[in-house]
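J.: For reference, the chains in residue letters:
There are 2 protein chains.
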Amino acid sequence: MSKKLTSAVLLVEGGRQDADLVYASGFSAPDPVVLLVHGRRKTLAVSLLEFGRAKEEARVSEVLTPQLLGLEGADRHRLSQWAVAVVKRARLRAVRVAAHFPVSIADQLRKAGIRIEVSTAPLFPGRRQKSPTEIKQIATTQRAAVAAMRAAMEWIQSAGVDRRGYLRQDGKRLTSERVRRLIEQRLLEADCAADETIVAGGSQGAEPHERGHGPLRSGQPIVIDIFPRHKQSGYCGDITRTIVHGQPVPEVARMLTAVKAAHGAALKAVRPGVAVKTVHTTAQETLLRHGFETTVKNGWGEGFIHSTGHGIGLEIHEAPSINLSSTRLLLGDVITIEPGLYYRRWGGVRIEDTVVVTRQGAKILARCPYP
Amino acid sequence: MSKKLTSAVLLVEGGRQDADLVYASGFSAPDPVVLLVHGRRKTLAVSLLEFGRAKEEARVSEVLTPQLLGLEGADRHRLSQWAVAVVKRARLRAVRVAAHFPVSIADQLRKAGIRIEVSTAPLFPGRRQKSPTEIKQIATTQRAAVAAMRAAMEWIQSAGVDRRGYLRQDGKRLTSERVRRLIEQRLLEADCAADETIVAGGSQGAEPHERGHGPLRSGQPIVIDIFPRHKQSGYCGDITRTIVHGQPVPEVARMLTAVKAAHGAALKAVRPGVAVKTVHTTAQETLLRHGFETTVKNGWGEGFIHSTGHGIGLEIHEAPSINLSSTRLLLGDVITIEPGLYYRRWGGVRIEDTVVVTRQGAKILARCPYP
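If you read the protein sequences in the order shown, they are chains A and B.
Position 182 of the first sequence, counting from 1, maps to 179 under our numbering, and the rest follow consecutively.
Position 40 of the second sequence, counting from 1, maps to 37 under our numbering, and the rest follow consecutively.
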């Protein structure tokens, strides 16, 4: 289509946290809200319950309630009618919405004669290149993640071993659950939240999103992936280390060497203007050169089965994805570099840092030793 | 419309937690998934990365990947094409979706000739009446919330007071932030997550969703609202108490008496078959009899400005809402009863318990003293 797209952006959130809403208005709420961004004008509609807080906290031109929008009776409780009223009040005939915009509200807007342009690109492209303030906020979260990672690594490495090879601390077996709790306590002390920390030992680590459970053993790889969100700023951090208590078996030692090499090579490939596929294929080829192939059989994948990284900011996963696309890295992109290898027989190995793209290349936001 | 609705339900989740998905499949993932529920048959499509974990954890008839769905090239990365492929594979011409279903995927399904029926009612009505297992899981979370509430109340009530009326503990001023951290540490020890605990003193409490910040004072009402989710089961709990260190001013004392009376009267009105509006108006009328009116001026509401409660389960807010609707309570509904009063001059007062609807009426899931 060559038709010029409308510049008016409409967000409707029914009680879930939305990074675009936080980015555009500085406001988030457990209750439904409607935000219309039209040029420099931002109109926020909230429930009566949120009016005072929105007036105080939201960076918008005006805050309205269903009553102030002139809605009556049951329409006051219909989020779709809030959206229709906000768009009509601005005399707009079309709005741009995100791909995840609710179909029920889109259909009601269409019924009211408003054209809906579903955006395949990010609604606010400015979200991608982080400002110095945003980089500081991500770095703050990342430092909390690194501190928690160091505590977890020290606890595992100083553990004793029983006759059956299980790790012990404080007279008890060391489990994924105990390590995760230590990590989450450290994060809480730094005002960060993380509900899904991964501490996955042995074959559990072969599933990249398995959180991990049960006793940990000496000699097996333990994948620790910490990705907290700061409770005040909302910005995320992300770090992964794979550690082995004692001696790894030769295959795991080779996996660790290969992933460390792929991680280093991918980091070196990062610079403004480079295509993300260059970074991804650098990691792929390094692993291949170390003899690690990727295979898929009957739905089961083994080897390097994910992308090399992802953008990070108000969302843990945001643009750009470091995969086979031709998208180019931009100055101020904050991304993760996290190659990994996964074999059901040996477990998982992943090494991840969060970096900002600078003129000099990738700058690691918070350093953490590679064990 | 008298047209018979299709019974096939389609869920598409792009990386957010979804209670319907957890309820229907026992599975959740940070990555996109498609679930089709067609009679007793459940088909789950996940990325290659999630295949192993989905095979292990999901209660479904089959797990597919984009490859197993026969998708090629870029279509393997298009969630809309996963959805189209899953629906076509089941030879369906219509599917029912939730109100928050993504418009981008709905439009692609329509383009592929599939009718979309947007459900205004819950997709899985069975989610409302909780099974004995679910009630136990909510009670487990609620007990953790009560333990954290007791610790917070004791800490506040045993605090010292400086010359300016500020509370002190451990040689420092007691702040909303310190109380919130104590609560969250207790929740973490019970394997519960809560990122939005409210500890709001004085006029901050007049905003029902203000988290609270800064030093707490003697004599002012402090609203503490704890609503954790259990990290294993996913089930939520919800409790609120309003406490005053020392003597409240007469207006706040009257508010406390009125809200306690409204809470008791609403609890007594709860039984299977009663309309939720009966419970809500019981609370409203009790507050009015105690002399507390609700007013709205220029968008600002004061008095009893929210509903009396909400259903709770895998979501913190789910059906039924205890408002002015004619919906009737059902055996096994788990709801909160939480009347409150909010005046910018005096602050907020709210008292909340989580109860299950039994033949004998409301049964409180975990008891906590009313200070």
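Do not rely on the hints blindly, as some may be mistaken.
No distinction is drawn between identical chains; accordingly, a pair holds when it is met within one copy or between any pair of copies.
[Claimed, not checked] Distance condition first, Cα-Cα at most 35 Å in a straight line; then the derived DSBU-like pairs of lysine-lysine:
{"no.": "1", "residue 1": "133", "residue 2": "39"}
{"no.": "2", "residue 1": "169", "residue 2": "274"}
{"no.": "3", "residue 1": "133", "residue 2": "360"}
{"no.": "4", "residue 1": "257", "residue 2": "108"}
{"no.": "5", "residue 1": "265", "residue 2": "85"}
{"no.": "6", "residue 1": "265", "residue 2": "169"}
{"no.": "7", "residue 1": "133", "residue 2": "108"}
{"no.": "8", "residue 1": "39", "residue 2": "169"}
{"no.": "9", "residue 1": "85", "residue 2": "39"}
{"no.": "10", "residue 1": "169", "residue 2": "85"}
{"no.": "11", "residue 1": "265", "residue 2": "39"}
{"no.": "12", "residue 1": "228", "residue 2": "108"}
{"no.": "13", "residue 1": "294", "residue 2": "360"}
{"no.": "14", "residue 1": "265", "residue 2": "133"}
{"no.": "15", "residue 1": "228", "residue 2": "257"}
{"no.": "16", "residue 1": "108", "residue 2": "360"}
{"no.": "17", "residue 1": "294", "residue 2": "257"}
{"no.": "18", "residue 1": "360", "residue 2": "85"}
{"no.": "19", "residue 1": "257", "residue 2": "85"}
{"no.": "20", "residue 1": "108", "residue 2": "169"}
{"no.": "21", "residue 1": "52", "residue 2": "360"}
{"no.": "22", "residue 1": "294", "residue 2": "133"}
{"no.": "23", "residue 1": "169", "residue 2": "52"}
{"no.": "24", "residue 1": "265", "residue 2": "108"}
{"no.": "25", "residue 1": "39", "residue 2": "257"}
{"no.": "26", "residue 1": "133", "residue 2": "85"}
{"no.": "27", "residue 1": "294", "residue 2": "169"}
{"no.": "28", "residue 1": "52", "residue 2": "265"}
{"no.": "29", "residue 1": "85", "residue 2": "274"}
Hints listed in this document are in silico derivations from the structure and should not be mistaken for laboratory results.
Please read all numbers here as calculations on a predicted model, not as lab measurements.
J.: Could you tell me which of the hints above the structure violates, numbers in ascending order?
T.: Violated: hints 2, 4, 5, 6, 7, 8, 10, 11, 12, 13, 16, 18, 19, 20, 21, 22, 24, 25, 26, 27 and 28.
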